[in-house]
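> Sequence:
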Amino acid sequence: MSNQIRVRIAPSPTGPLHIGLARTALFNLLFARKNKGTFILRIEDTDLERSDPKFEEDIKDSFNWLEIIWDEFYKQSERIGVYKKYLQKLLDEGKAFWCYHTVEELKKESEEQMARREAPRHICEHKYKNAQIDQKGIIRLKVDENATRVIHFNDLIRGTIEWKENLIGDLSLAKNLETPLYNFAVVIDDYETKISHIIRGEDHISNTPKQILIQEALEIEKPQYAHLPLILGPDRTKLSKRHGAESVKEYKEQGYIPEAMINFMALMGWRPGKIEIKGEKPEDIYSIEELSALFDLKDVQKSPAVFDIKKLNWMNAYYIHQLTPEQFRTTIMPFITNNLEIDGVKDEYLEKIRHMMTERMEKLSDAADFDYFFKEPEYKRELLNWKNTPAEAIKKSLNLTKEALEPVDWNIFDKDYIKIKLDEIAKTEFAGDRGAVYWPLRVALTGRETSPDPVDILEVLSKEEVIKRLDKAINKINLNI
RNA sequence: GGCCCCAUCGUCUAACAGUUAGGACAGCUUUCUUUCAAGAAGCAAAUAGGGGUGCGACUCCCCUUGGGGCUGCCA
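Just so we're on the same page, the working numbering is the position in the first sequence counted from 1, plus 109.
These are computed hints drawn from the structure, not numbers from a lab. Note that the structure is predicted; figures quoted are calculated from it, not measured. Treat the hints with caution; some may be incorrect.
What the hints assert, rightly or not - Derived lysine to any residue pairs resembling SDA-like cross-links, with alpha carbons at most 20 Å apart:
(1) 303 x 191
(2) 411 x 269
(3) 284 x 411
(4) 572 x 512
(5) 245 x 269
(6) 455 x 411
(7) 511 x 523
(8) 528 x 495
Assemble the whole structure, with the sequences as input and the hints as a guide.
Here it is, written out as structure tokens:
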């Protein structure tokens, strides 16, 4: 009699948390938050063979990382007694029965049916005998293969979905009283935990009529259903390893940040319905709070969404730009190898470094490209070359730069002044070709051909360090190494 | 094979039957410029096809085609 909104995400611990399941979890969470409901995590580990506690840990870790936090937690393996009770009830009432067919027989049956262009389904003659229990066989639900009824349910996203009852067959419920199978366990758990809305992937549409049959046999209430469109790879098939990363953990390891993942996942198959007030933020950028406020099942798409890594990258870059200095320290720094000098960097400089880096980063792992802020770079001598400028001229440029910088007091670092001095060198020595001055300086400081403005880099390095790197470059030219 | 679901730019999508079919990402161009980004400006890009029903169809109906999913004693 309660109107409480209760939703769940029900992963099976048979692999790392898949991006598709994470997105389903997110939609459930958003729906719960929007409607002040409860979001439940249920581990579906009835298949002991395939389940592994390490995956349960991965799933929880990944959800925690994404900040998809559950309000209640259940685990099917801890609820065996519950299923047994309902199983026994169905058996006692004659609604379920023991089936003794072998898998070979079942396979043959379905192959023959397919050959006859019929829907494959098991029509079990054991349901007519009053078979008694022995150690073999599995428990099935009696389903009328001659039924003329069309099962229909209202999908909150797709409208009415119909299914002919006679196409279903005597569906499996449990391997034995202690080992429930998916469809049965789901129905029991959803009922017992008072799930109001089942929001799950489209791949579960065909399970729905089966679960409805079980609900009817049990004479229990039916929840509302909403089937989300699937996430497809660029080739428009179900997202999988072939398409690159598919687990949340992999995205974490590759340097994506949770806010970007959440934002991106939310927009796969959904979009805010109303045109809300545009703030300073770019189009399509939403925080989890905004998503929670905006979410509505009626705005969920029916057709599958192709995973577009380019858009994810763009979002990730956006969120990296927004990183606070504190987040920068804790999340970006670990991606820089040999990160030992960081503690010695003044906060003021770290802030400037943060700007220079985040403007150029797409993933956290890109931070490794900026290691020159913290350690002397290694590079090949040729990199110092600027266009056709001869080696002697490059050397001269470096020397003049060094001379210009030596008198500078780093404590009152004046970027404009330095620029004027460097531009002067370009003007008097290189016919105004500033590249002849800035390029060798850039390489001397960074060992790379792409970097922020060398003058900006100068500022955050100590004068000693700058002179040292300049000397090293000059030396490289002298020794031609 | 059977059943189910789906169909607007390359991708994600907007458009209570009436819009020059809009935006974002990606792409391209220009700008800035010592490199790379970021930023600014701009360009190109779609209603799968065929029938209906409407004065009027992206929008409603049917067919075709295409795509996806399911078809376990997995979940």
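> Evaluate each hint against the coordinates.
Results of checking the hints against the structure:
The straight-line distance between the Cα atoms of residue 303 and residue 191 is roughly 14 Å, inside the 20 Å bound, and the hint therefore holds. Between residue 411 and residue 269, the direct Cα distance comes to roughly 13 Å. Compliance with the 20 Å bound is thereby established for this hinted pair. For a cut-off of 20 Å, the pair hint linking residue 284 to residue 411 is broken: about 35 Å separates their Cα positions. Simply put, residue 572 and residue 512 have alpha-carbon atoms about 12 Å apart, close enough for the 20 Å limit, and the pair holds.
Using a Cα cut-off of 20 Å, the hinted pair residue 245 and residue 269 is violated, with the two alpha carbons roughly 39 Å apart. Taken as a hint, the residue 455 and residue 411 pair is broken in the structure, with Cα atoms around 52 Å apart against an allowance of 20 Å. This hinted pair checks out: residue 511 and residue 523 have alpha carbons roughly 16 Å apart, not beyond 20 Å. As the CA atoms of residue 528 and residue 495 are separated by approximately 19 Å, the hinted pair is consistent with the 20 Å bound.
Consistency with the previously given hints fails for numbers 3, 5 and 6, ordered from lowest to highest.
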